[in-house]
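Put together the whole structure using the sequences plus the hints.
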Amino acid sequence: MTAKAPFLLALAAGVALGLAPGPAGAVTDPPSTPPAQAAPAIPAAPEPYALVRTLQALQERVAEGDVDAHRAQRGLIAHIAARFAAAPPSAWADRRNAEAAIAFVLGGGPPQSLASILASGAEFGTPRTLAQGALAFLQGRETEAREAWREADPLAVGGMLGAQLALAQSALAVRDDPGESMRLLAVARLLAPGTLIEEAALRREVFVAGQSGEIERLEHLAVQYLTRFRHSIYAGNFRQRFASLLTALDFGGDLDRFARLETMLSRFDGDSRRDLYLFFARHSLVHGRSEVARRAATLAHELSAGGSDEEERATFYAAASQVTTDRFGLAADSLVDIDPERLPEPDVLLLEVVLDVAMQIGAPIALAAPEPVREIAPEIAEEDAEAAVPAAEVAEADIDTEPVADPAPAFTPPDPTPVMRRANAALAEIDLILMEARR
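Read left to right, the sequence shown gives residues 1 to 439 (our numbering).
Worth flagging that the hints you see were computed from the coordinates, not collected in a lab.
Treat the hints with care, since some could be wrong.
Unchecked claim - Each pair of labels, with its calculated beta carbon distance range:
| no. | residue 1 | residue 2 | range |
| --- | --- | --- | --- |
| 1 | Pro346 | Glu144 | 41 to 47 Å |
| 2 | Pro344 | Gly306 | 18 to 24 Å |
| 3 | Gly125 | His231 | 34 to 40 Å |
| 4 | Asp177 | Val286 | 34 to 40 Å |
| 5 | Gly306 | Ala259 | 41 to 47 Å |
| 6 | Pro346 | Leu118 | 47 to 53 Å |
| 7 | Asp271 | Gln360 | 34 to 40 Å |
| 8 | Asp309 | Leu255 | 23 to 29 Å |
| 9 | Pro193 | Asp337 | 47 to 53 Å |
Ideal placement from N, C-alpha and C gives every residue a C-beta, glycine not left out.
If you want it as structure tokens, here you go:
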């Protein structure tokens, strides 16, 4: 966290308490006159536009991954809404405050804050159609929002409000005109670099490009996002949705297509590549694409820290993908060594299923295993040869012999192998865990 971050959080907390920051470096001394004679100092309430700037600065920290800023955001929004409600009607004649009221609701504030200002009949320092369009958009009245914003140009509005307007207009255009939606998202990024608005615009543009089949643009934008906003509060969700988009585009269909994905991801940071490969390994495994699952798991393993949970997952996916191959023995050994406590909950259930499959495959293999060939000493072999009865004699002796029913020998199952014993123990442990979870 930079030196600026604690200041912003402290400022947000101070604003929420109704305190105005004093001059930098000011020292507070005891009053020189008795309290009864001192004139009470009433701090001036910050202007609405100043409050919104504080919120926007805090949201920049959210885009950089500051969890404390994300937590402080809700309280600050509630305080700003209360201050807006208490502001005198004359405050909204100032263009800065009027635009701040629109920016506030488009940036997460309650729509009622803006609706109350418009309903009061107070003079409004910016075109009312801009505010009316914002309310219609936030309340789901898309046709009215488009009409109100028909002449609104984000570049002409400029600044943070122009960026927010472009972001909202892109959402209205995405179904009917994806190209226009992407253009507006690019405008939003241009007007508000380094902010939560740019983060959101870049994140959305990736998915619009993907859904439009613009793969090169998707790759370019995704690299930008994961380079500039990899620590964002929303980056984890982005990776999951991005991986889902890539599977929908069938990048994991076979090894040739997966090779294209490897080329694309080569420009990503190591952590992002690892997470995406883990996603593809699991997805390919449950969809029966064993070769792709094994390749993705191998790549994820190479990018994982030794002894990490990510390495354990990669090991699990790689082993599971080889259960039905001629590497069954090694795969089974790896599976029974997997620690279920280090896997995500869905993978614990998947491990149980894979172990069950391994048991079913392993049992026939154990039953079909041939007896080991014993070497016979030469002298014993000679004695056996001399004592051997000619086949003709055996046949002749059997002619007049009444057949005797010879019951089949009782079947004795082979002793379980070390692999099977460990598999049974692992299954028993998982059953116990699941029984406790159901309670």
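Item to check | Hints violated by the structure (listed by number, smallest first) | outcome: The structure conflicts with hint 5 only, although it agrees with all the remaining ones.
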